[in-house]
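Use these hints to put chain R onto chain F, whose structure you have.
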Amino acid sequence: MKPSIEQIVNQLALKREGRPEEGYWQDFLCEFHHRQRKQAVTGSRYSAMISQFSSWFGSLGPSKWAYGTGVAYAALTVGFILTPRSVERENLPSSPVKYQVVPAPGLPLEQLDRLDLSPSTQGNIGEQIF
Amino acid sequence: MSALVKSHPLGLPSLLGFSAGLMISVCLSQPMPAASQLHVSFRAAPGGNSAHSIAVPVEGAGFLVAIVANGADPHQPQLLLGQKKILAKVVGFDPISRLQFLQMENETSLPLVAWLPGVNSHANAHLIAKTLTGPVPCRAMGWTKQVNGKVLPLALLKVAFDREVPLPGTPLVTNGGGIVAIIFQASDTGKIAYAIPAEAVHRVQRDICEGRPFVRGWLGLCLRAENKIPQIVRVLPDSPAAQAGTLPGDVLTSIGDRKISDYADAANAFFYLIPDAPVQVKLLRGTVSLEFTMTPSKPDGM
Chain F
3 MKPSIEQIVN QLALKREGRP EEGYWQDFLC EFHHRQRKQA VTGSRYSAMI
53 SQFSSWFGSL GPSKWAYGTG VAYAALTVGF ILTPRSVERE NLPSSPVKYQ
103 VVPAPGLPLE QLDRLDLSPS TQGNIGEQIF
Chain R
8 MSALVKSHPL GLPSLLGFSA GLMISVCLSQ PMPAASQLHV SFRAAPGGNS
58 AHSIAVPVEG AGFLVAIVAN GADPHQPQLL LGQKKILAKV VGFDPISRLQ
108 FLQMENETSL PLVAWLPGVN SHANAHLIAK TLTGPVPCRA MGWTKQVNGK
158 VLPLALLKVA FDREVPLPGT PLVTNGGGIV AIIFQASDTG KIAYAIPAEA
208 VHRVQRDICE GRPFVRGWLG LCLRAENKIP QIVRVLPDSP AAQAGTLPGD
258 VLTSIGDRKI SDYADAANAF FYLIPDAPVQ VKLLRGTVSL EFTMTPSKPD
308 GM
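Sequence lines, in order, name chains F and R.
Everything in the first sequence is counted per this note's numbering, starting at 3 for the first residue and increasing by one.
Everything in the second sequence is counted per this note's numbering, starting at 8 for the first residue and increasing by one.
One should not assume that every hint holds.
Pairwise CB distance ranges, derived in the manner of DEER restraints [as the list claims (entries may be wrong)]:
no., chain 1, residue 1, chain 2, residue 2, range
1, F, 110, R, 287, 24 to 34 Å
2, F, 131, R, 194, 26 to 36 Å
3, R, 243, F, 115, 14 to 24 Å
4, F, 131, R, 152, 13 to 23 Å
5, R, 171, F, 131, 37 to 47 Å
Bear in mind the hints are in silico, worked out from the structure with no lab data behind them.
Built from N, CA and C at the ideal position, the CB exists for glycine as well.
So here's chain F without its partners, still in its complex pose (with noise of 0.2 Å):
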């Protein structure tokens, strides 16, 4: 459905209506410029960096692509050396092991009827009466 003249005019005279106040446009301005100028400055530090690093990297020369097989190789081995190994894990029985205890064999004491401390004195074994 198309409009009809008056209410286009209508929404012509609304927009002229909503014009921003006066001194908007220098406000956002201002502002634009503010912050366009603090990325600058906090943005500035890694992108120096990165590009200080290229023109150095670049004024190497031939020797530059050694430099770069030093530092790849020696970031390897840190990554080796860093690289946690695999646990072993011991080949542990399928089956559970049985553990049999076993009583030591009794000392084959004897008793002896008196004091008579020699190595050829036999003595009592078994059961005892007192």
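Relative to the frame of chain F, chain R by itself:
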């Protein structure tokens, strides 16, 4: 010589006096047998060896105690004071402990000696052996309950010397002079001696000096030497232990004042039981501790 004597500024009497004093000093520095110490000489038994023992006075009626070494004949001992023979009679001999008690026939006064009633507090202490040649320091090293895999009928005190072990019968005394034990014999190593504690001497003396053989009290309990714990395996019917209520499987923990931790402890405690003298026996039945009063009797045939 005469010229020397004449030329000496102090003259002949001074020189002779000096020589005599020197000889006396040399003689006193040599170990001399103590003239007051009695010792006994035993003849060899058939197939055995002769032996010597110190004779130590025991309390009461001029009795002496000596050790009859294995292989020696306990009959007709010869009591000596230095080299002098002393008339004495044999009161009795106990073949279990090898203790012999003698009594001097003349009313000779014996030196007073104090025997300690208990030995446990001195079982790991410095002692002095009163040998024929003078006091010798030694150290008690606890109890010996078995030798060469054989449990002894009574526990002996193990004593270490820095030199050769003195004669059997040598009293071991404390610094205060009380007798703790008498040497039974040297061990195979030579510098270790086994000694019979004073309480064992008292126990045997109690019977022997009253004119009867030494008899241990009998409870009717059966134990096995190879068991590590002192567990009763059998109780003889109508025995003092059965009448008190002891059961097979009970474990002995103490007899009288003697703590029992193994079979040898029990065998040692049974040595001291006196017939007809009640004794407290503590047992462990399962986890329950029990205490019985038992009156040991004499074994059958005694």
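Evaluated hints:
1. In this structure, residue 110(F) and residue 287(R) meet the distance hint of 24 to 34 Å, their C-beta atoms being roughly 33 Å apart.
2. Our hint of 26 to 36 Å for residue 131(F) and residue 194(R) holds, since their Cβ atoms are close to 30 Å apart.
3. The given range of 14 to 24 Å is respected by residue 243(R) and residue 115(F), whose C-beta atoms sit roughly 19 Å from each other.
4. In this structure, residue 131(F) and residue 152(R) meet the distance hint of 13 to 23 Å, their C-beta atoms being roughly 19 Å apart.
5. For the hinted restraint 37 to 47 Å between residue 171(R) and residue 131(F), the CB-CB distance of approximately 40 Å keeps it satisfied.
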